[in-house]
Amino acid sequence: MVSKKMLGLLLVLPALVMIGVFFILPLIASVIGAFETPEGAGLSNFVKARELYSEDILFSVLIVTLASLLIGFFAIAIGGYLTLGENPRAVAILRWLYRWPLFIPFIVVGQTLRTFLARNGLMNNMLVGSGLITPDQALSFLDWRGIVIAFVWKQTPFVALLVAGAMASIDRGTIEAARNLGASRPRILIEIVVPQVLVTLTVGLILSFVTMMSVLSVPLMINAQSPTMITADIAFRINAYGDYGVANALGFISLIITSTVAWLYLKLSVKERS
Amino acid sequence: MSAIRTGLAWLPRALLLGLLAFVIFGPLTNLLLWTVAERWYFPHALPSQYGFSFWERVFSPRGGALSSLSNSIIVALLTVAVALALAIPAGYALARLKLPFRALILLAFLIPQAFPNLSVYVNVARLFYEVRLNGTIPGVVLVHVTHGLVYAVWIATAAFAAIEPELEEAARSMGAGALRAFRDVTLPLAMPGLMASAIFVFLESLDEFTGSYFVGAPDVNMLPLLLYSAGAGGNYQIASITALLLLIPSIGFMLVVERFLKADVLAKVGH
Chain A
1 MVSKKMLGLL
11 LVLPALVMIG
21 VFFILPLIAS
31 VIGAFETPEG
41 AGLSNFVKAR
51 ELYSEDILFS
61 VLIVTLASLL
71 IGFFAIAIGG
81 YLTLGENPRA
91 VAILRWLYRW
101 PLFIPFIVVG
111 QTLRTFLARN
121 GLMNNMLVGS
131 GLITPDQALS
141 FLDWRGIVIA
151 FVWKQTPFVA
161 LLVAGAMASI
171 DRGTIEAARN
181 LGASRPRILI
191 EIVVPQVLVT
201 LTVGLILSFV
211 TMMSVLSVPL
221 MINAQSPTMI
231 TADIAFRINA
241 YGDYGVANAL
251 GFISLIITST
261 VAWLYLKLSV
271 KERS
Chain B
1001 MSAIRTGLAW
1011 LPRALLLGLL
1021 AFVIFGPLTN
1031 LLLWTVAERW
1041 YFPHALPSQY
1051 GFSFWERVFS
1061 PRGGALSSLS
1071 NSIIVALLTV
1081 AVALALAIPA
1091 GYALARLKLP
1101 FRALILLAFL
1111 IPQAFPNLSV
1121 YVNVARLFYE
1131 VRLNGTIPGV
1141 VLVHVTHGLV
1151 YAVWIATAAF
1161 AAIEPELEEA
1171 ARSMGAGALR
1181 AFRDVTLPLA
1191 MPGLMASAIF
1201 VFLESLDEFT
1211 GSYFVGAPDV
1221 NMLPLLLYSA
1231 GAGGNYQIAS
1241 ITALLLLIPS
1251 IGFMLVVERF
1261 LKADVLAKVG
1271 H
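Order-wise, the sequence lines are chains A and B. Residue numbering for the first sequence follows the working numbering, beginning at 1 and increasing consecutively. Residue numbering for the second sequence follows the working numbering, beginning at 1001 and increasing consecutively.
These aren't lab readings, by the way, just hints derived from the structure by calculation. Note that the coordinates shown come from a computational prediction; the quantities given were computed from them, not determined experimentally. Think of the CB as a built atom: it goes at the ideal place given N, C-alpha and C, for glycine as much as any other residue. Don't take every hint at face value.
Derived CB-CB ranges, DEER-like [said to hold, decoys possible]:
| no. | chain 1 | residue 1 | chain 2 | residue 2 | range |
| --- | --- | --- | --- | --- | --- |
| 1 | A | G242 | B | P1188 | 50 to 60 Å |
| 2 | B | S1173 | A | L102 | 36 to 46 Å |
| 3 | A | W96 | B | M1195 | 47 to 57 Å |
| 4 | A | V91 | B | V1023 | 17 to 27 Å |
| 5 | B | L1255 | A | V91 | 13 to 23 Å |
Only chain B is shown next, with the shape it has when bound in the complex:
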């Protein structure tokens, strides 16, 4: 009896794992199929004709994907630059200098994630409209920086906190100025953590929909907006190809995140 029980004990476990794999990869497979489906009618289980003609349409000059892609990348790169320019000094101060209200300051960066942000974006759009920032790339960048700052500041703080202060003190005692010690000793050591925060901010910006929808559209077209309008128009091939373009960097990052975010930095996030 017990031999039979141990013999079949793997079955429910394998079934559950299989079910989970289907739940996760089923929808993703469906997306991949749509990117190469020329024709796909109900109730056929699979597309009746495959091809890449929609890829040509997406990447043709009139398809809009190339301009959306370049807008998305420009906005994301600018967002990373601004966010890191703000987060590196802030993270250094939060990690090294004895700040009053330190916990409160850290929490303040979480505010954009802790309140429903839709009505905030609506009002940002309204304010930007008056100062002519609506429908401009700087306007979208400002919204994305605010949204991504929590990752930038929290991870930068953790990255600086994970470095021994003695190293910088040693450089100072050998006569290096404060800025020089920071630039030549602390900054290079914090680089993997800062890279991780840059990638987080980049992805947040690339994937952000609500802010781009209210502040950017229709003048600044970006990939999530292209995806939305193609999907709303019932063009599932183009929507799926755009979705795949957004998916690749996200999945790629998931697979390499542990290389950048070492356990010593990860343990200090939010502390």
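Next up, chain A with everything else stripped away, as it sits in the complex:
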């Protein structure tokens, strides 16, 4: 039996080595690189990162947090309607509709929304055309709002898909019981359904959080001027100055931010179980 275990490990090993060599090693290199300075190991990269980019670091956290909250809200709304909706046709339409952005690549989302949300984009053109606003009132959304809209547009279907799947597998009995007692659907959703899918929802939101913290194309395409996301700053340090020290320090900071979020989640879920 030992040989069967060995065989299994041998079959898995090449794939694991791939992750080790081409992801974990460079990840370690980036952490070490953050502390490498011309004068030896030190914190000067972080001092410089704080001087130049503290505003962008805060901005990234705020944008991604706001986007995550909105994604969570819309995912619950979509999943909730798919689970509790009484009109089969509306449920079928929603099921068909909400998934579209799921497979659309971030770079295409960036380009699509850049043209849609611009001052002369289709959104403003339609508002002007319908007489709701005058051309002078047309606003460009290509700033922090554009980044938030792009993230919510792209990531909501992913979280909604996970949440709707989890909602579909919970026991219908409690829902029917609450409905027979006259509870309204929003109340059933908030008090019975959401608590039971909370783990799935948080896992989906954390994966989204990490994804949004590492997407380069959306901030580059929608708003690369300051204040912008950490990712755009990292690319700028490399391309303009070949400055790996500060770039790695910024990478380390975003690693700390995402780890903190994941750690908070683990702490909460452990507390809940005990």
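Position chain B relative to chain A; hints supplied.
Just chain B, lined up with the frame of chain A:
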């Protein structure tokens, strides 16, 4: 009173669905319009002149789209080949053989998705530069395989787990060797799931921007890089046409994914 209420009850629902349809299809319509807009000035709601002259420019030899497209497809096909060559044995072992630390091994493949990957790609590019892999197709393929391996391994594991082990045992008891039983019985049965994982990996590779930007550009030009540089240069027609080329396979896959990923396999993903 109640008759009026039931009579108009559909209205908010229809309005919300309509709004959602606008939010999803509005930007996509805008993209389609840009691909055929010859002239489009503010504040006109629609382009003032339509045509396909930008399509000709994109697909002319100097437009760069054809070489980007072929680079993208070569990289994506190689990525699928390497990822499946790694994922089929790994998935089989994870599904069938009693592995120690099985849950941890499955989680390890998620690492590239669970850490911010930008600074990782920056350092991969730096390492590749020293071993002369930077700006080469094999270099880009290695980055894409690492990124897509989670889909390949997780879906392959689920596909093998959904097949009854008795079938393979029956073939073995009739005298077939282990490899033969795997090749003639298990592999064909797992094929739809493996196809799904291949398509996932193919799309991930086709759409990947960050790794290609640091490791591939400017020597290996690919569609996402062409899109980015056209957009950055303010050429929205060319950027939109490139975006459409990337969009078609993605949407096409979304519409057929359920044919490949059956519920029995889907239920086992990540377990």
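Evaluated hints:
1. G242/A with P1188/B: 50 to 60 Å: Check passed, 51 Å falls within 50 to 60 Å.
2. S1173/B with L102/A: 36 to 46 Å: holds (44 Å)
3. W96/A with M1195/B: 47 to 57 Å: Violated, at about 23 Å.
4. V91/A with V1023/B: 17 to 27 Å: Holds, at about 18 Å.
5. L1255/B with V91/A: 13 to 23 Å: holds (19 Å)
When the structure is compared with the earlier hints, a violation turns up for hint 3 alone.
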